[in-house]
Amino acid sequence: MIDKPLVKIILVVSCFLFTAIGLGCSSEDQSDNVNECFEDPGLPLVEKSASADSDLSGVSIDLVTYDAFLPPEGAFESFTAETGIQVNLLQSADTGTMVSQSVLTSGDPVADVMFGIDNTFLCRGLTNDIFHPYIPSTVDELSSELLLDPYHRVTPVDYGDICVNYWIDEVGEEPLTITQLTSSKYEGQFVTQNPETSAPGMGFLLATIAYFGEDGWQDFWRDLRENDVGIESGWTESYYGDFIAGGGDRAIVTSYLTSPIAEFIYAPEPLETPPTAVIADSCFRSVEFVGILRGTDQPTASAILVDYLTSTYFQELLPETNFVLPANSEAVLPDAFRDFLPTDIDPARLPPEEIDASRDQWTEQWTQIVLR
Amino acid sequence: MTLHNGLIIENLDVSIDLHKILHDVSIDVKPGTITTLLGPSGCGKSTLLKAIVGLLSTDKGDVSLNTKSLISTPAHKRGIGLMFQNNALFPHKNVERNVAFGLQMQGKRPEEYEEKVTEMLDLVGLSGFNKREIGTLSGGESQRVALARALAPSPKVLLLDEPFNSLDRSLRTVLLDEVRDVLKTLDIVGIHVTHDWDEATRIADNIAFMNQGQIIRTGSIEEIIEKPKYSIVADLIGLESCWTPELFESGGITYFDTPWGRRELDTPNSESIAALIRPENIYEKPDGIDVEIQTKVSVYGEWIYKCRLETGFIVSVKTMKNYSIGEKISLYASVENVETLEVL
Amino acid sequence: MHHGTSGPNNGPKLFYDDDYRRNSRSALNLNNYQKYLTSTALIISVGFFSIFYFFPLGKILWYGLSPENIAMVFGAHTTWKVIWFTLWQALISTAVSLCVGILIANILSRFSFRGRGALSVLATIPFVMPTVVVASAFLSLNTIFKLEGTVFNLEGTVFGVIVAHVFFNTAIVVRTLGGWWGQLTLDPEYAARTLGAGTVKTFFLVTLPRLKPALIASGSLTFLFTFTSFGIILILGSLKQATIETEIWRYATQRIDINTAAALGIAQLAIVVLMLVINSRLRNKYGTSELGSIAVTDEKVYATKFRSLRLYSGVIFTVLFLGTPLVLLIERSLRTPKGYSFTYYREIFTESQSGRFSIFETRTAIINSITWALLAMVIATLLGYLAAVLLSSPSAKISKPADVLFLLPLGTSGVLLGFGIIVTLNSSFWDIRSNWWIIPIAQAILGIGLVARIVGTALRDVNPEMRNAAKVLGASDAKVWRHVDLPIISRSLVAGASFSFAIAIGEFGATAFLVRPQRPTIPTTIFNLLGRPGASTYGQAMALCVVLAGITAISISLLDRTGTVIRDTA
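Residue numbers (my numbering), protein chains in the order written: chain A, 655 to 1026; chain B, 9 to 352; chain C, 8 to 577.
Calculated directly from the structure, the hints in this document are not laboratory data. Quick reminder that beta carbons are idealized off the backbone N, C-alpha and C, glycines included. There could be a bad hint or two in this list.
To give an idea of the interface, some chain C residues facing chain A are shown, with a C-beta separation under 8 Å as derived from the structure [to be verified]:
| no. | residue |
| --- | --- |
| 1 | 241 |
| 2 | 247 |
| 3 | 542 |
Excised from the complex, chain A in its bound form:
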């Protein structure tokens, strides 16, 4: 029997879907080609117009960042006082979501400047032409090793290494190494994150790939699984759910190079030294960039903002608020960072184009090895 309302509803839905076809605009082809990542975009550099300073008071620009970014108190107010440019901070979800949104709106961006795209997502952004090239006035002060894009579409703004942390009282003063994580002594002690859902999780996977090589990391993870490694979907669940710091019972966790300093600063009772330490050879270098979004109608104001974000003044505010390290090598670190930041770290580095090309394949393999 043919039921009339059912037929009608199906008709309505299909009408709606077909209307959608008519309305939609064509998506740009998203190719993962390695060669495209650092190819000349063929766009002119943003130049600050000469009469900028007088014209810009009252101009308002939008700065989009990931949701966890904390603006240092008063930082944008003083920028406005200095330049007359108003900055609206727009927040998105995590970095991946933010990049994805920008890819969707490439050329007609939701903001003028993006803060916080990292080296694991960089190529996705660059191949989709979301940025406009610009050489900031501070370029000579920036660590040259962080200047990854030869065409200046993005400018490094900070870096923060992802490292395995451990609770010193539980593990002992003796520094750990990455290979010890699979030893039976630390069975059930280590918790990390799913690289599919978590940036530190991805960072640690990349660290193991860099450390053990393209063909060696799989065995390491098989051993980790044997050794009862804990996998959480996000940093919060692992750090506060499983790790001792949040009342859990695991002593080793994937976190950041600066986490011990945060534990020191935010200890409920003043401490002599941080209660946690990092495993020196487990680190992966995560670099965050700032870039002017292609299609902005305020290129000059955006350029001035990029200059400011990479200036020593702003850079010195970043560590204590966001626990990242300044990209500007002339910026002075706060006391706690100077006292407790490990100096013997040689973080793993993987080229962004390689990460971009193999990311899906690696996470696929990782899921098979660790979860299934």
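Using the hints, position chains B and C against chain A.
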């Protein structure tokens, strides 16, 4: 149509969803009198009430009260009261607030209407029920509250849509008498809808019969009983010994057969008629027609028997004598007393 | 000849007999005012949905609509595995939520006892808790009771996912069912008892069938919530089990592959539409209500031997099941290295603490949260009411599509809708960049369906004769609404409003995929506190969660009281 200061309905047509429900309905009711609309269910009685009160829009015709046309007045400004079939009390308000509702809508303040509410509750015999919740009332109490609510704003017209259907017989008669008294005392125009003849005779001054959206017969109770005119009216007023005989024609005269002989038709042109014999015109007589008693019911000391003829036809007879069911008696009626009715 | 009391003369008689009779009766009473209201409701609600729902969603789903893309996604074995898992976990979660909800609603609506109000609020709180917080409370249950390795392991298991779903969605069942149940008379139950049915048989053969309309209503909502559940699957399921929603999120945000995500979104939408159509049929089959009049009886439950046993075991179960995670939360917010104290609460309300950031202005966050949630609540309640008018329309041509339409957002991927809004409303005409109002609107879209469903059920129960009675007594259309419709639907309207408020104030996911102006709310502050290491930031986050739960509980009790006031002053 006579002009008076009561309710006059002229040539009203109403349709719903393009279906014609009422055709050319005219009725007039003087203040202090009650007209009962009688008709089978679905004949359009309730629709007529909704149209009078303004809840339904009309295609043509007029409704006027005290010589003023109401046809373009919205329902809430007509000042016509309506009692609903299922009482339609507001379950979320107590008795007092239900009764006060109409007064509240007139913009009266609590201190102004309090007295009136108490007066109305006294009138319907529910003194002291002010704060009771609707859910705690019995059927009869609910209907009394509904009556008090309808009367509280002092309407000039009160329409009653089968209001006492759900109540038991004795309570219904009590309430009908009360309503009649109230309407007479307050000089209100009453239109009452029912399909029950007994109820109609108890309350009405005039009766209007409705069938398929039309008023087919109006008149006082006596006039209707005297001359039902239509078989459907005879049915509704309880004249059950009514049948549709076959008509014969011979030499320009139409006639039909009754158990007591052949009867000539008064109106020779009719295509089909119904025949009626009233109980009071049937007598027990030894050489009459043999019948078997099927049911019996006692009314004021007399017995009314329903009897079956050999042809299968049923007649009612009224007598003081007591027979038992299944007994055979002999009945006689004069052919002259067989009445003919029109069939619609 | 057509007349009022006759049967239907057209339409799908076979299935909707009762419903149709009712419809044809009320069709008689559809006056100009109601026609006007219906068309206004149609224009406003459909217009709103087109701009903020259909247009954005259509535009983003278009990315998935190439034949190769569809073939690739639906040709993959894993896709079907994901669809199957999503479906069965949602069905089981719904079934269990209904069982638990029936139990709690029974206690709340059939027994009078001290603390009933508190229990009712307790049943609603879980609904507003941030997923990440509840999930971490469940994870700590795992640790405390050493559940890992047992069949009751909550981490990374389907069992854990279902328990958490039940915890969150019981509120919907309890609220929908409770209001309904308390208004049913006990007469049929008495009748069943005198005819020889025991307590159990009476429940299954008489009570349960009478509850069907409310069960169908709350069951469909629970299904939609669990079918598109995101946070719980991600955190408790640890992605060992993927659902359509988490796959959409993974492809759209982690792999930046919108085409695949959109193709999955089409699959999701198709299943949701199918479920809603089935639901709409069920509703029409069983949805006839018997709530013509409201029963007011002192007697709430028929006497049984086990009356107090039933009451106490029910209360204890409710408190344990819904209360334990909340107690754990409170415990964690009070636990400092120096023993239990209010240190963290003091800290979150201290503005001038060293090393604190502008985003941690707790007071601003609380004010923002409440303002936006109230705004979202007003939008959702107004539009939800209009939608309910359409849902309860006597014309099946309006009510049936409306039934599916307004619930669609609850079954739609938040990621895709968020992305769709960005793609669509990014023109200079709309310019969402600086417009904060897109946030309460996005929060409201989810609430509209809820309000419409809850109010629509109540609106169907307003006896049209009651409106006529008021009219005849001199009430204008506006006054009829004020004195008849409003008080009768007030309970449902308030229930819908408090849900939309709760969704909005606890909301984090739905608008996370928008680009929003940086303005702290309680959930974003909790999230930001949880996003960085340090023992005291964690304690502060827990304290703020308790504050959020407290604000929600107070707001809901206040709203409940408002409902009573509306009723009483009418």
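Here is what the structure says about each hint:
| no. | hint | verdict |
| --- | --- | --- |
| 1 | 241 | holds (5 Å) |
| 2 | 247 | holds (5 Å) |
| 3 | 542 | holds (6 Å) |
Every hint, counting from the list given before, is met by this structure.
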